[in-house]
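J.: Residue strings, one per chain:
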Amino acid sequence: MRLTFDVNGVGQQADDVWPGESLLYVLRERMGLPGTKNACEQGECGSCSVYLDGTLVCACLVAAPQAQGRAVRTVEGLATDSAGGLDHIQQAFVETGAVQCGFCTPGLIMATDDLLANTPTPSDAEIREALAGNLCRCTGYEKILDAVRLAASRRTEVTP
Amino acid sequence: MPLPAFTLHRPRSAADAIALLDEDCLAYSGGTELLMAMRMGLIRPTALVDLKRIDELNTITLGADRLLIGAGASHDRVAGDALVAEHAALLATAERLVGNARVRAQGSIGGNICFAEPRSDVATVLVALDATVLLQSASSRRSVPATEFFLGPYWTAREPGELLTAISIPLPAPAGVYLKFQTVERPTVAVAAVALPEGGYRIVVGAVGDLPVSADYAQLTAVDAADLAARVEPVSDLTGSERYKRHVTEVFVRRAVAALAGGR
Ligand SMILES: Cc1cc2nc3c(=O)[nH]c(=O)nc-3n(C[C@H](O)[C@H](O)[C@H](O)COP(=O)(O)OP(=O)(O)OC[C@H]3O[C@@H](n4cnc5c(N)ncnc54)[C@H](O)[C@@H]3O)c2cc1C
Ligand code: FES
Ligand code: FES
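Line order of the protein sequences matches chains A and B.
Using numbering that gives the first Met the number 0, the first residue of the first sequence is number 0, and each one after it goes up by one.
Using numbering that gives the first Met the number 0, the first residue of the second sequence is number 0, and each one after it goes up by one.
To be clear, the hints were calculated from the coordinates, so they are not data collected in a lab.
Quick caveat: nothing in here was measured; it's all calculated off a predicted structure.
Any given hint might turn out to be false.
Far from chain B, by Cβ distances over 10 Å, these chain A residues were calculated [as the list claims (entries may be wrong)]:
1. Ser21
2. Tyr24
3. Ser48
4. Asp113
Rough simulated footprint, nothing fancy, chain A against chain B, three-plus residues with beta-carbon under 8 Å [unchecked claim]:
5. 1 to 7
6. 26 to 33
7. 44 to 51
8. 100 to 110
C-beta: ideal position from N, C-alpha, C; glycine also.
With the hints as constraints, model all of the structure from the sequences given.
T.: Here it is in structure tokens:
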């Protein structure tokens with residue numbers, strides 16, 4: 000089948016898509032967007048988090064044909080305003096040392112973006128709840144919590 | 000790993016979806032259970048019916064004496080809905096605690112109960128609230144109490160040609176507390192403790208055994224946590240042995256009863 004959808008604000012088309020492909024596969028293997036990671040393929044690790052029509056989903060649990068006519072935003076599409084630079088959440092992850100091997104980072108950044116969009120000044124409990132289900136094997140999570148707090152404080156500075 | 004091939008239908012109405020459903024053509028709601036089961040080869044449908052574009056399955060409405068929740072409503076939608084908060088707050092509480100942010104955004108209340116994974120927050124609360132589920136096929140329409148809908152792990156009273164259209168909660172719905180113990184993706188033990196509108200109390204212990212266990216009591220002081228823990232049939236797995244889970248069950252029943260008695 001032909002899949003026509005919007006990826007990070009640009010209309011895209013993929014031909015000969017096998018209906019059994021996941022959205023994750025299409026993004027990585029057909030769109031050349033490897034930022035969205037493939038780890039568990041079971042909805043349990045959060046590495047494949049993307050927005051589908053503004054809703055945070057596991058791309059591994061979305062059948063590619065379900066994205067037909069819809070808009071997908073990936074980690075590559077976050078930093079749209081700052082030509083090639085990082086957006087403020089990505090910057091906060093770098094500054095706090097919340098990135099070690101980096102495999103979990105794109106998923107955590109998408110989950111943080113979703114959290115801060117809905118809850119601009121989250122409590123620690125809210126941060127933990129929002130990021131539950133994003134697994135990290137390296138950091139021990141403390142620095143990730145620091146990154147989210149830093150990003151939240153900067154966001155409130157920008158938009159009082 | 001790609002899934003085996005299937006045809007995807009995208010109807011806009013429940014009637015069109017029902018006309019398609021059968022043993023080989025399954026409903027596809029959030030896909031959080033379905034796609035995994037297909038990838039693991041546990042089920043091999045030749046066609047899927049995408050329910051996400053059917054608006055009538057996503058409504059939450061208030062009837063004369065019932066709250067009707069469309070089967071396609073996501074966990075987030077139910078958790079954040081004003082009618083649910085006002086009339087069935089216990090369900091909102093449980094829905095806020097399901098899985099993780101993506102599962103709550105993507106997964107639906109209907110998909111949860113149709114899949115009938117035993118470790119379900121939703122099933123536990125629906126039994127506590129005396130909910131019924133509405134099933135519709137090309138030739139019939141029926142309403143089944145939650146206690147009769149769940150038959151076992153991954154097994155419900157739904158026939159292959161039936162679409163779950165909505166969940167119906169009789170009003171006034173009992174109020175109470177919902178506590179669960181969860182260390183990984185799904186609950187180890189879930190306890191709902193409610194004061195029944197007609198008087199008396201109900202304790203439902205879910206997620207720990209194959210089916211929720213429910214018991215009614217005239218007085219809260221009559222609740223025997225050890226007896227309830229003896230009645231559930233936990234499965235030993237990575238989250239604990241049978242003995243451990245019985246222990247956690249007893250502790251959580253006691254905590255839920257104490258919280259209900261304390262008016263929390
Ligand atoms: C990582 C993870 C963590 C989770 N944690 C929890 C948790 O803590 N608590 C909990 O309760 N659940 C948990 N779940 C389960 C989650 O609630 C369910 O996956 C979700 O609600 C299922 O809904 P869905 O819309 O994705 O169903 P789908 O996967 O789309 O469908 C599931 C099944 O139901 C059938 N179906 C769906 N809708 C209908 C309908 N309207 N009529 C007839 N048949 C239908 C489908 O054909 C399929 O067989 C978790 C799941 C994952 C992946
Ligand atoms: S790869 Fe999708 S959640 Fe792990
Ligand atoms: S930084 Fe390595 S998994 Fe998180």
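J.: Establish whether the coverage given for the stretch 44 to 51 of chain B by chain A is satisfied; the threshold is a Cβ-Cβ distance below 8 Å, and no fewer than three residues must meet it.
T.: holds (count 3)
J.: Does the claim that serine 21 of chain A lies off the interface hold, with its Cβ farther than 10 Å from every Cβ of chain B?
T.: violated (7 Å)
J.: Classify the label on aspartate 113 of chain A as holds or violated, using whether its beta-carbon is more than 10 Å from each beta-carbon of chain B.
T.: Violated, since 7 Å does not exceed 10 Å.
J.: Examine each Cβ of chain B, and state whether all of them lie more than 10 Å from the Cβ of tyrosine 24 of chain A.
T.: Given a closest Cβ separation of 7 Å, the condition is violated.
J.: Determine whether the non-interface label on serine 48 of chain A survives the test: each CB of chain B must be over 10 Å from its CB.
T.: violated (6 Å)
J.: Quick check: the stretch 100 to 110 of chain B, covered by chain A? Criterion 3+ residues, Cβ under 8 Å.
T.: holds (count 5)
J.: Count the residues of the stretch 26 to 33 of chain B whose CB lies closer than 8 Å to any CB of chain A, then report whether that count reaches three.
T.: holds (count 4)
J.: Mind checking, does the stretch 1 to 7 of chain B have 3 or more residues with a CB under 8 Å from chain A?
T.: holds (count 7)
The structure fails hints 1, 2, 3, 4 (numbered hints given earlier, in ascending order).
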